[in-house]
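Top line first, the protein sequences correspond to chains A, B, C and D. Each residue of the first sequence is one higher than the last, beginning at 42 in the numbering used here. Each residue of the second sequence is one higher than the last, beginning at 42 in the numbering used here. Each residue of the third sequence is one higher than the last, beginning at 42 in the numbering used here. Each residue of the fourth sequence is one higher than the last, beginning at 42 in the numbering used here.
I should point out that these hints are in silico values taken from the structure, not numbers from a laboratory. Honestly, I wouldn't trust all of these hints.
[What the hints assert, rightly or not] Once the Cα atoms are required to be at most 25 Å apart in a straight line, the calculated DSS-like pairs of lysine-lysine come out as:
1. LYS182/D with LYS191/C
2. LYS191/B with LYS191/A
3. LYS113/C with LYS190/B
4. LYS191/D with LYS191/C
5. LYS196/D with LYS182/D
6. LYS113/A with LYS100/A
Keep in mind that this is a model prediction, so the values were computed, not measured.
There are 4 protein chains.
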Amino acid sequence: MNKRKIIAVSGSNGNDRNLDERILEKAERTGFLIAERGGILVCGGLGGVMEASARGAKKAGGITVGILPWKKEAANPYIDIPLATNLGFYRNTLIANCADCMIAICGRWGTLNEISMSVSINKPTVVITGTAGVSDILSGKDLLRKMRKKPLFVKTPEEAVEAAFSF
Amino acid sequence: MNKRKIIAVSGSNGNDRNLDERILEKAERTGFLIAERGGILVCGGLGGVMEASARGAKKAGGITVGILPWKKEAANPYIDIPLATNLGFYRNTLIANCADCMIAICGRWGTLNEISMSVSINKPTVVITGTAGVSDILSGKDLLRKMRKKPLFVKTPEEAVEAAFSF
Amino acid sequence: MNKRKIIAVSGSNGNDRNLDERILEKAERTGFLIAERGGILVCGGLGGVMEASARGAKKAGGITVGILPWKKEAANPYIDIPLATNLGFYRNTLIANCADCMIAICGRWGTLNEISMSVSINKPTVVITGTAGVSDILSGKDLLRKMRKKPLFVKTPEEAVEAAFSF
Amino acid sequence: MNKRKIIAVSGSNGNDRNLDERILEKAERTGFLIAERGGILVCGGLGGVMEASARGAKKAGGITVGILPWKKEAANPYIDIPLATNLGFYRNTLIANCADCMIAICGRWGTLNEISMSVSINKPTVVITGTAGVSDILSGKDLLRKMRKKPLFVKTPEEAVEAAFSF
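One chain only, chain A, in its complex shape (with noise of 0.2 Å):
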């Protein structure tokens, strides 16, 4: 069997007025650094955050899987292989199962959605904090205290490959 890791990056689409150039550095650095140890990038395939970690993923060789919603033609110009799923926002839970490990940057309600599928499906689920979306009320004070699964919280890109690497 393949022992490369499948690691999916979820946050959000280039139309997110949360994004900004930091956040795009991060999502690109967690997109190096997992192709740098040898992961399989997967993401949702379209802008934003998943092109900014498909390019990082490709500046450093790697592999990048684009789960597509709908047609091939909206893949963002880094993705190797690019699949039209036709699943609309069902694609979100494609996402979250085939990957052995999700990382979440900034996002929305479909950011949300991952997040909370990965969680469920007992996915180890690391946000990456300080970027602001869901990631970031997400990890608000005491929020998840009664939750009994929790993503892991991270502050870095760094930190999060790592963890991702380590479960």
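On the provided structure of chain A, position chains B, C and D as indicated by the hints.
Okay, now just chains B, C and D, sitting in the frame of chain A:
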């Protein structure tokens, strides 16, 4: 075309320790009111909030549909139409898609998954606060202030069902 | 648990030129007999065989569920519970999974997709011959002799429904 | 956008007694030719035709994607990217959707399910005859004469791959 509204009730399964009689009564009341107004109740078909809401709907003579993850045999006794999807957790997304509106009560990561899908696809989504779990977490003061799309937070089954039928 | 059998009727949409009044009467008769015996009719919710079978079920006072590919508005007028899956053609597989038994009438590639799924997952699958389309193609003399698993071929709605309830 | 063609190979799992060395060689040859022309091979990731075609693609230095029904561990050793969908048999439909073209070899009901989906959604679909199973059944003289849409029947891997890249 069939004009009856299809209302999803999303919430914890029976093994959630957050559930108590008071919350289950709210779930039952919600199901009752949905059916009383002629709505079709859709839920995940299992225990806890799902069972209580289906029981309520049957007390009002309504129709209940259970979108089950796996086997039909897992349906609670108040489900008229147990649909064994074999979709596992993907069925959360199916519940959000096939309903005209979603009402959430209590809940954990699975319920958060359904709420986030429902909001993502622009379905009217109502959360009953004071029911513990993710329903109370999401309603935290100003928590979602930076999210453009939000569920509607209400305090009672009456308000929830009134809202569900007014969209 | 709900003890009513869920029977899927699979067959051509209304634009199939193979369909004629005689075939649609068989579909209607099939739906009628399913409902008369207390079964819940599940189908794809659209026109042609789906509509005729749902009309038959309603004439017998039964319950009809339409597993629609996209919008609820596309449901035929005889569907009590129109479920807008947004699964597109994946909904064929959902129909096969959620039924206890499938009955096929006429049909093209979509029906063949449903029949083949139903047989794949070991659901009892009945094909009414003499209804043109893939139902007649599959029943060709000895065509499936080398297949270990086969649908049951019958000549009338009465035989089909009798078989569906005897599994 | 990524310009590499994604070609699905659909066919029997390893426990199909119809499979013999000659058929598996055709599957391997098909995978080899797909990769040689720069295509990405997608398949169901398991044994038999899936494994042989993936082995062929790897011999030509290609990339192979396995769309697995459940666990990643079930992937054959020639799969670079094993995607554990947890979609069970729904993954057949995913394979048809994410490929630009499908090539079928031998096969039973699952392969027929994939062929029928591929034709339903108007994907170019090529069946290699002389490989037993449903591939030979469908190619029977005049069997599909009344079907408006048909797969293309060819006799060799060379013709199949030539056709797949010419659509």
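Straight-line alpha-carbon gap LYS191/B to LYS191/A, limit 25 Å: The hint holds at about 22 Å.
Check the hint pairing LYS113/A with LYS100/A against an upper bound of 25 Å on the C-alpha distance. OK: LYS113/A and LYS100/A at ~22 Å, within 25 Å.
With the threshold set at 25 Å, check whether the alpha-carbon distance from LYS182/D to LYS191/C stays at or below it. Holds, because 21 Å separates the two Cα atoms, which is no more than 25 Å.
Under the criterion that the straight-line Cα-Cα distance not exceed 25 Å, is the pair LYS113/C, LYS190/B satisfied? It holds: about 24 Å lies between the C-alpha atoms, which stays within 25 Å.
What's the verdict on LYS191/D and LYS191/C, does the C-alpha distance respect the 25 Å limit or exceed it? 22 Å, holds
Given the hint that LYS196/D pairs with LYS182/D, does the C-alpha gap stay at or below 25 Å? Holds, at roughly 14 Å.
In summary, the structure agrees with every hint in the numbered list given earlier.
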